[in-house]
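Chains as they are written, first to last, in our numbering: chain U, 1 to 142; chain S, 1 to 142; chain V, 1 to 142; chain B, 1 to 142.
Worth double-checking, as some hints may not be accurate.
You can't tell identical chains apart in this list, so a pair holds if it fits in one copy or across any two.
[Stated by the list, open to error] Capping the alpha-carbon separation at 30 Å, the derived lysine-lysine pairs in DSBU-like fashion look like this: (1) LYS29 / LYS4; (2) LYS17 / LYS4; (3) LYS44 / LYS17; (4) LYS121 / LYS44; (5) LYS29 / LYS121; (6) LYS121 / LYS17; (7) LYS44 / LYS4; (8) LYS29 / LYS44.
If you're looking for bench data, these hints aren't it; they were derived computationally from the structure. All values derive from a computational prediction rather than experimental measurement.
Protein chains: 4
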Amino acid sequence: MAHKLETRPVLTLAVAKLIAAAAEEKALKHGLSVAIAILSDSGKLLYFQRMDNTSNASVDIALAKAQHSVNFHRPTKYHEDLVSGGNNIVLGVPGMVPLEGGLPIRVDGYVVGSIGVSGAKSSEDGEIAEAGVQALQAYLAG
Amino acid sequence: MAHKLETRPVLTLAVAKLIAAAAEEKALKHGLSVAIAILSDSGKLLYFQRMDNTSNASVDIALAKAQHSVNFHRPTKYHEDLVSGGNNIVLGVPGMVPLEGGLPIRVDGYVVGSIGVSGAKSSEDGEIAEAGVQALQAYLAG
Amino acid sequence: MAHKLETRPVLTLAVAKLIAAAAEEKALKHGLSVAIAILSDSGKLLYFQRMDNTSNASVDIALAKAQHSVNFHRPTKYHEDLVSGGNNIVLGVPGMVPLEGGLPIRVDGYVVGSIGVSGAKSSEDGEIAEAGVQALQAYLAG
Amino acid sequence: MAHKLETRPVLTLAVAKLIAAAAEEKALKHGLSVAIAILSDSGKLLYFQRMDNTSNASVDIALAKAQHSVNFHRPTKYHEDLVSGGNNIVLGVPGMVPLEGGLPIRVDGYVVGSIGVSGAKSSEDGEIAEAGVQALQAYLAG
Numbered sequence: 001m002a003h004k005l006e007t008r009p010v011l012t013l014a015v016a017k018l019i020a021a022a023a024e025e026k027a028l029k030h031g032l033s034v035a036i037a038i039l040s041d042s043g044k045l046l047y048f049q050r051m052d053n054t055s056n057a058s059v060d061i062a063l064a065k066a067q068h069s070v071n072f073h074r075p076t077k078y079h080e081d082l083v084s085g086g087n088n089i090v091l092g093v094p095g096m097v098p099l100e101g102g103l104p105i106r107v108d109g110y111v112v113g114s115i116g117v118s119g120a121k122s123s124e125d126g127e128i129a130e131a132g133v134q135a136l137q138a139y140l141a142g
Numbered sequence: 001m002a003h004k005l006e007t008r009p010v011l012t013l014a015v016a017k018l019i020a021a022a023a024e025e026k027a028l029k030h031g032l033s034v035a036i037a038i039l040s041d042s043g044k045l046l047y048f049q050r051m052d053n054t055s056n057a058s059v060d061i062a063l064a065k066a067q068h069s070v071n072f073h074r075p076t077k078y079h080e081d082l083v084s085g086g087n088n089i090v091l092g093v094p095g096m097v098p099l100e101g102g103l104p105i106r107v108d109g110y111v112v113g114s115i116g117v118s119g120a121k122s123s124e125d126g127e128i129a130e131a132g133v134q135a136l137q138a139y140l141a142g
Numbered sequence: 001m002a003h004k005l006e007t008r009p010v011l012t013l014a015v016a017k018l019i020a021a022a023a024e025e026k027a028l029k030h031g032l033s034v035a036i037a038i039l040s041d042s043g044k045l046l047y048f049q050r051m052d053n054t055s056n057a058s059v060d061i062a063l064a065k066a067q068h069s070v071n072f073h074r075p076t077k078y079h080e081d082l083v084s085g086g087n088n089i090v091l092g093v094p095g096m097v098p099l100e101g102g103l104p105i106r107v108d109g110y111v112v113g114s115i116g117v118s119g120a121k122s123s124e125d126g127e128i129a130e131a132g133v134q135a136l137q138a139y140l141a142g
Numbered sequence: 001m002a003h004k005l006e007t008r009p010v011l012t013l014a015v016a017k018l019i020a021a022a023a024e025e026k027a028l029k030h031g032l033s034v035a036i037a038i039l040s041d042s043g044k045l046l047y048f049q050r051m052d053n054t055s056n057a058s059v060d061i062a063l064a065k066a067q068h069s070v071n072f073h074r075p076t077k078y079h080e081d082l083v084s085g086g087n088n089i090v091l092g093v094p095g096m097v098p099l100e101g102g103l104p105i106r107v108d109g110y111v112v113g114s115i116g117v118s119g120a121k122s123s124e125d126g127e128i129a130e131a132g133v134q135a136l137q138a139y140l141a142g
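With the hints as constraints, model all of the structure from the sequences given.
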């Protein structure tokens, strides 16, 4: 009946676990402890894990980075770079988290969800998040 | 590339306007002023209109009813009836709005969004919301 | 140096995954889709997963049930039973979630965390949460 | 039974009072009025006192500084120095309080809680907080 409505791809729990496992593997490889949050496109939590010895703040920040990326359709680093470049207006935008480690998850041009990582240096958080996204792309291409 | 991900139908703005127009028409026919909120499945606002002479509270309540229905996958009347039947536990559930006038919008078994109406008696709010949902079903079947 | 401070046991991520896996297994066995949240004693999120076809509301409610149990050191059913018995004062207590499916996780008399489950009937949510707690007790006794 | 779980040291109320007494003594010695907040590692309040003539804002700020330090595992001055050095990204991090006077309380490598002080100049707040932490270290070493 929905042939008159558009459709879009969605993240399942199995796919979220695949993404998180790749991110965790990357963190472990570098001896890092991080919190990893994966949201569906609704901005609701789909999967989360906090590695041992991660700070309480990293729990909140991983969730906030993921929320930012699914809401803004942008990596958090996009806004970090704007602030680094002197654009402090960005700091006043509601829901802003200008700190690398959050990435939208795109499939076929749609933002189907996001990943947020916190606990290491923000550049490392970004690499760990990227490892998760790349695992999804490899899975879809495979 | 997304052939490995599931897909689902989504509400577009054009369809949301179709739903709201039918709801407004129903309200006007009965000489009622209401606020009408339509959310996408993410729980984010897709379309909203407040008819003249609608109270401030109705703005908030229309949004809350719609939020309830998209989150719980239930008409708000479902929970209103439970409370009317003496089940006060319902009142303690986070995000609960046990007051007729909120409906999930279902297509092919998926909750693609919701409509919330407030401003008249709650049974009238419910009829207005229902008119919106029926217009969508007629459109899809047409 | 801490010999003058008391110590207490803590949940690790590996143990949280063990608990969640047992809860998920129970849900799958009964063909149910639920969200499962595990908090450490701090009330911060340690592990979370949302099974496919679980409603948005269940994400929030699973988290809220877990928060209740770690904060109150009580199963959510304890307060549900009070409300069922006519004690509506309970509904006015901050942070109250009087709905079965949240359990504190106790080890050696300490509340080391909690589990919250939502998505099925609340009695089923409770059984799923219980399966998670029992898996931990079996592990500790093993 | 918990021999399979890790353990960690915890702050008791008696120890928190010892820390606060040392901080208060330092404040009185310098004729200063401050609010002193001590949190356990969960980020929940363990002990609090507001000296006479301390402003309302200082109550909130003492709590916020302590929350920052227990969450980030960092002195608030760490982030104050980053902002002073021109790093405005810090201002966009959720839960950030970049103002001296908050310290994590570490024992055996664990953050067992935090202290936040507000009411005087932030450098003085920092000295008062430090006096509290040093009293704990002396107690543990004694």
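Results of checking the hints against the structure:
With identical chains, the CA atoms of LYS29 and LYS4 are at most 30 Å apart between copies only, with a shortest distance of 25 Å across copies and 48 Å within one. In this homomeric assembly, LYS17 and LYS4 come within 30 Å of each other (Cα to Cα) only across copies, at 15 Å, whereas the closest approach inside a single copy is 32 Å. Taking the shortest Cα distances, LYS44 and LYS17 sit within 30 Å of each other both inside one copy (15 Å) and across copies (20 Å). Taking the closest pair of Cα atoms, LYS121 and LYS44 come within 30 Å of each other both inside a single copy (25 Å) and across two copies (21 Å).
Taking CA atoms no more than 30 Å apart as the test, LYS29 paired with LYS121 passes inside one copy only; the shortest distance there is 15 Å, against 40 Å between copies. Proximity of LYS121 to LYS17 under the C-alpha cut-off of 30 Å is found in both arrangements, the shortest distances being 23 Å within a copy and 26 Å between copies. When the C-alpha separation of LYS44 and LYS4 is checked against a cutoff of 30 Å, the pair qualifies both within a copy, at 27 Å, and between copies, at 22 Å. In this homomeric assembly, LYS29 and LYS44 come within 30 Å of each other (Cα to Cα) both inside a single copy, at 29 Å, and across copies, at 25 Å.
Hint compliance for this structure: no hint is broken.
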